Amino acid sequence: MDELEQLYQTTYTAVVRFLYRKVWDAERAEDLAQEVFVRALTHRPEKPRAWVFAVAANLARDEARAAVRRKRHLTLLKGDPVAQPTMEPAPDSAVEHDERMAAVQEALGTLTHRDREILLLWDAGLSYPEIASQTGLALGAVGTTLARARRRLVEAHDRQHPIKGSHAAHS
Amino acid sequence: MIDSIQSKAAMRHIPEEELHAYLDQGLSRSQCVEIESHLAVCPYCQAARDGIAALRDRTTALLAKLAPPRRIPPAFESLSRRASVMASARRRRIHQAAWAASLVGAIGLGWTANYVLTPRPVTPTAPANRVVPVVSTPSVTPTILRPQQKRTVAAQPATRRARRQQRPSAAAVAESLPVVPAPTLELSSIDIPRTDLDLELDGVWRTMSWDGAQAEAGDKLPHIDGLPVVQVQLQASRQGKQPLMVVAQQLTSGEVIRTIEGPTSDVSQLLARRTMTDPDPSSSGATDTTRSKRPPGQADRTMAMQRGDRMLVITGALPSDSLLAMIRRLNAEMRSK
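Protein sequence lines correspond, in order, to chains A and B.
In case it helps, our numbering puts the first sequence at residues 1 to 171.
In case it helps, our numbering puts the second sequence at residues 1001 to 1337.
If you are wondering where the hints come from, they were derived from the structure by calculation, not from laboratory data.
Just so it is clear, the structure is predicted and the values come from calculations on it, not from any experiment.
A virtual CB, placed ideally from N, CA and C, is assigned to each residue, including glycine.
One or more hints might be untrue.
[Claimed, not checked] Residues on chain A that point at chain B, a partial pick, calculated with CB under 7 Å:
hint, residue
1, Y20
2, W51
3, Y128
[What the hints assert, rightly or not] Sample of chain A residues facing chain B (criterion: CB under 10 Å; computed from the structure):
hint, residue
4, D2
5, R17
6, L19
7, D25
8, A33
9, Q34
10, A40
11, L41
12, E46
13, I131
14, L139
15, G140
16, G143
17, T144
18, R148
19, V154
Construct the complete structure from the given sequences, taking the supplied hints into account.
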């Protein structure tokens, strides 16, 4: 099997997830992920895994800039007065899922750009050297940044949603 | 004393970031061994490690909530196809850019060379002796007119009038075409007075769309990449081979250049007919002021190249150097197809 095909089979979902956490649009994340792999097939990079995530980060950044230009906010759907097309109310589990997701999204938004980027890269499965290479951070500083990012994410989440968190845990 | 120092070193606790890196497998093997030996004897660091492991798990669990709905990824083959389409489009863009660049360069060089090398009258003289810029029709003898010869011809209106009265026959013009047989890639140019957009075409000609012409002639359709196509005309060859093709394209300056490709005899006859039907600009009088006022540099020139039993021709109001560069490039392009 082609090296890129193997990478595609093992990494595509992680790339979509990585992009989704930046653009907050599932379909757009998939489109961008496919664009990333098409580019990889065209360029045939030497280190394809790190390259794929670097290009994904760039595409997400361009997407965010374009979104700013179009004056669309990523959280536009929240409180959007658009009429609900469904007649039945959403199931409780779906509502809870959305609330939990919004809570984590909010907590993630409190992190600095650097901390968030490194946390997401680590969660996407990149190694310390790959993270260091992509972000320009010293290898020894990756652990420090990750330690800070993890602590701040959990603290921010628990500070902003302590009751919902415990309620969800017990239900 | 030594034991005391060693115990102090052993009690130096592991920094938090190192424990994170240790759990993330971001340390070297020797660093891991060092940390594990310390953890074996340090309850404080063991507790710290457990706390960090819990924090790490909690972070992973929180981030797992930020996942899009799972869908089946598209087949890898579909991405491969997209990549090949992108790559070919990229190659085509590069190719067209190179073509356009070489075309601009050739035109620029041609105009520059034309400007530098064309002798101009230094001072105005009496009208009888003044050098009148005149574009000559192709002479019976297939020679390349040099600037000095042009001036000589122009300075002798009586001779020119006499020559005009002796219009060459079609066969003579066809024979006089400045073509050197294959395989030698020699080129020559002739000056033809400018005509309107429509060529003087004889026989059954079909004006076709670009796609239609391509479907019929395939990649043999003579054209210059990067220029908009104004008109495509095809005529079935009498020999039943590939048709005679005329593609008109417009330069950014508005000038129209034509690329003609077909059997040698057909192309020769076409050019001969065209020459015969074109009036000499100097004789057109007041009815055609455009032509009579056109300087020599604006006249249509034709560059022909013999390609086996077929002939490739480019004609347009461009300097010979530009046409030369274009036909060489076009010939190379058509050979490679």
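Here is how each hint holds up against the structure:
The beta carbon of A:Y20 comes within 4 Å of a beta carbon in chain B, closer than 7 Å, and the hint placing it at the interface holds. Below 7 Å, beta-carbon pairs count as interface contacts, and A:W51 has none with chain B, the closest being about 14 Å; its hint is therefore violated. The closest approach between the C-beta of A:Y128 and any C-beta of chain B is roughly 3 Å, which is under the 7 Å cut-off, so the hint is satisfied. Residue-level restraint check for A:D2 holds (minimum Cβ-Cβ distance to chain B is 8 Å; threshold 10 Å).
The criterion of a C-beta within 10 Å of any C-beta in chain B is met by A:R17, whose closest approach is roughly 5 Å, and the hint holds. Taken as an interface hint, A:L19 checks out: its beta carbon lies about 9 Å from the nearest beta carbon of chain B, inside 10 Å. For the restraint placing A:D25 at the interface with chain B, the shortest Cβ-Cβ distance is roughly 9 Å, inside the 10 Å limit, so the hint holds. Residue-level restraint check for A:A33 holds (minimum Cβ-Cβ distance to chain B is 8 Å; threshold 10 Å).
Against a cut-off of 10 Å between C-beta atoms, the interface hint on A:Q34 holds, since the closest Cβ of chain B lies about 6 Å away. Annotation: A:A40 was flagged as interfacial toward chain B, and the flag holds, the nearest CB pair being 8 Å apart, inside 10 Å. Here the hint on A:L41 is kept, as its CB sits about 4 Å from the closest CB of chain B, short of 10 Å. Interface restraint check: A:E46 against chain B, minimum CB-CB distance 17 Å, threshold 10 Å, status violated.
Proximity of A:I131 to chain B holds as hinted, the smallest CB-CB distance being about 9 Å (cut-off 10 Å). For A:L139, the interface hint holds, since its Cβ comes within 10 Å of a Cβ in chain B; the closest pair sits about 8 Å apart. Interface restraint check: A:G140 against chain B, minimum CB-CB distance 8 Å, threshold 10 Å, status holds. The interface hint given for A:G143 holds, since its Cβ lies 4 Å from the closest Cβ of chain B, which is under the 10 Å cut-off.
Interface restraint check for A:T144: the shortest CB-CB distance to chain B comes to about 4 Å, inside 10 Å, so the restraint holds. A distance limit of 10 Å between C-beta atoms decides the matter here; for A:R148 the minimum to chain B is near 8 Å, and the interface restraint holds. Because the smallest distance between the Cβ of A:V154 and any Cβ of chain B comes to about 5 Å, under 10 Å, the interface hint for this residue holds.
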